[in-house]
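J.: Taking the hints into account, I'd like the entire structure generated from these sequences.
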Amino acid sequence: MPVDGSGQVPVLAADRPDYRRLIERARVHSSVYTDPQIFADELARIWYRTWVFVGHASEVAQPGDYIRTTIGLQDVIMARGTDGRVHLLLNRCAHRGNLVCEAQRGNAKSFRCPYHGWTYRNTGELIGFPFNQGYGGKGTIEAELSLARVPRVAEYQGFVFGSLAPDGPDLAEHLGEAARELDRLARLSPEGRVELTAGWLRHRTRANWKLLAENETDGYHPQFVHGSIFSVTGSPIGALYSDKSAAVTRSLGRGHSENDLRPEFRKAGEPMRWFGTTADRVPAYAAAMRAAHGPAAERILIEGAPHVMIFPNLFVAEIQVFVIQPLSAGECVQHSTAVQLAGAPELNRRMVSQSVGSVGPAGMLLADDTEMYERNQRGVAMLAPEWLDLRRGLARERIDERGLRIGGATDETGMRGFWQHYLSLMEGA
Amino acid sequence: MTTPADGPENSGSGGTVASEFASVAAAVDATANGPRLRLEDLRTGKVRFLDALELETIVWLPDGHLTQLLDPSADRWREGPG
Amino acid sequence: MSASAQETHDPPAAGREQALRQVEQFIYREARLADEHDYDAWEALWTDDALYWVPAGGDLTVPAERMSVIYDNRSRISTRLAQLRTGRRHAQDPPSQLRRVISNIEITGEDHGDIIAAANFIAAESRERGVELWAGRVIYRLRPAGNELRMAGKQVLLVNRDQPLPTLAFLI
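Protein chains in written order, with this note's numbering: chain A, 1 to 429; chain B, 1001 to 1082; chain C, 2001 to 2172.
Heads up, some of the hints might be wrong.
Some but not every residue of chain B turned toward chain A, in silico, with C-beta under 8 Å [said to hold, decoys possible]:
hint: 1; residue: S1019
hint: 2; residue: S1023
hint: 3; residue: A1032
hint: 4; residue: G1034
hint: 5; residue: R1036
hint: 6; residue: E1054
Calculated from the structure, these hints are not laboratory results.
Just so we're clear, the structure is a prediction, and the values are computed from it rather than from any experiment.
Backbone N, C-alpha and C define an ideal beta-carbon position, used for all residues, glycine too.
T.: Shown next as structure tokens:
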């Protein structure tokens, strides 16, 4: 697609686009949503390099538990070893490349490939294979043929991340300021623990993954996209995302961003308002929180849960967790589940019920977001005006007391932060 | 992080296999991502979970191999290094 | 059970035939109302203790604790329909063009006076995005009310419920 009128996409020496000319401070070129070459580049430079959310520790609670998950296009097994640690393995037999695990989840301390019976520990080591004389006997080639391990695995508040790069910034550095948002979520559990055990909905979406990542903290769209459900239910959420709202959009650095709704909830000063209820309607939860946190409980119950997008694929929207799985330049899958808080059974059932109503293929919120993503993907394939505009709120941005860039509730501050980090990853060596 | 589900309340239906030499409770456990056999040495309370592939392997173990494992010095009452 | 007792409890063949016909006619009507987005008439089919359930994945235990595609009680059904009636439910604006075929209808049981019936379906959904083919099994809980039937439960088991699904914003 022409960028500079010459009819040619400007490329670097290695035949890669010049990303500085596609991503500017306040606008982004359409081709980054549609070009298969750019998608391939993203796999190499983002998905197979940076920290990517793969699952939650609570999904493999017992030794031997495993689930199938993904990093980019890679099929990944997340397993808990008998050492109690979480291991990430590529789901590919070292013999002929067959998928080793077919079930989405199970409990097995070792995996046996169905093709020729090669058998691996759930930590990756090859235990052996049938008729080993064909390989010169036992102990000949096992050491060099293991399942490939994701070289770096780390957890924060039970959220498990993997990086296919053997080195680079550690998880703490990658999460940066976003870590405290996961802390805020965990703090809402009387036991300080989040669990993702309600199962996942998977929503096939014919749109580029970045349209979703940008939308997650776009405070400009809710009144339009979700006006139908807000009007039917009398939801106060719409007002949180208006020009009169005291909420702010914050760029957290490293591509992470949030809609910080706390200023609005503090103004109201009512515990549990963030959850659309009052403390006396969830008395056991409120009592457990007051017992766990003492006088600090009131503030925690007033401020509620975070609304944070963690680059590139994890989104916590108060009581839901979303994961973005890219498939191609024009397709991705949205995974969604309800947050479950250890020690809060009274809240957990309500969170499942509200989430089922809101998210997934039939969700009264998310189906409409997804309709926008899919129409947006068709729109960005049009030839002109070529660019997507990102300037909203640029002139009124400021730096907050933490040194982070913030804008108004409906401003595109979070998106600009996303693109800045994207550019640093894509144009780096 | 891990909380092994080794309490009897988490066990499914099962039974006890006992002799004058040992006493072991066996039950199919359903608390993990897939079913597994929960074995408990009732004399010590020690618990082990076996998955389906391990059980199949035991079924196919030649008697001689199993007998070697029964040597008290093999593992549990082993002395010294090596 | 003796042969004579069997006969007393078993409705005569003509009665069974009539019950099946009534169930079939109800199911066909329900399908047509859903296909044609006749939200008022479709809503009127439901009882107050309604449960409209489209599970995700294979686990059908403890639905209140697991994510489902749809798990609507009567009040949630009303909300879902009210959203559709606004005309601003983007995922159904414009509404999908729909036709479904229902077959293999059987009365599979009885529970506290409700008739449990099951059927298979294939639905074609056309939107600007393209034609989506939906298929699955439906289990109905139907309650006799005078000469009519009302719907107390509809469970839709999609054949691909363990796979990523596209947007499902119409009445399946």
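J.: Could you run down the list of hints and mark each one as holding or not?
T.: Hints versus structure:
1. S1019: violated, 28 Å
2. S1023: Status violated, d = 24 Å.
3. A1032: holds, 4 Å
4. G1034: holds, 4 Å
5. R1036: Check passed: Cβ of R1036(B) comes within 5 Å of chain A, closer than 8 Å.
6. E1054: holds, 7 Å
Taken one by one, the earlier hints fail for this structure at numbers 1 and 2, listed in ascending order.
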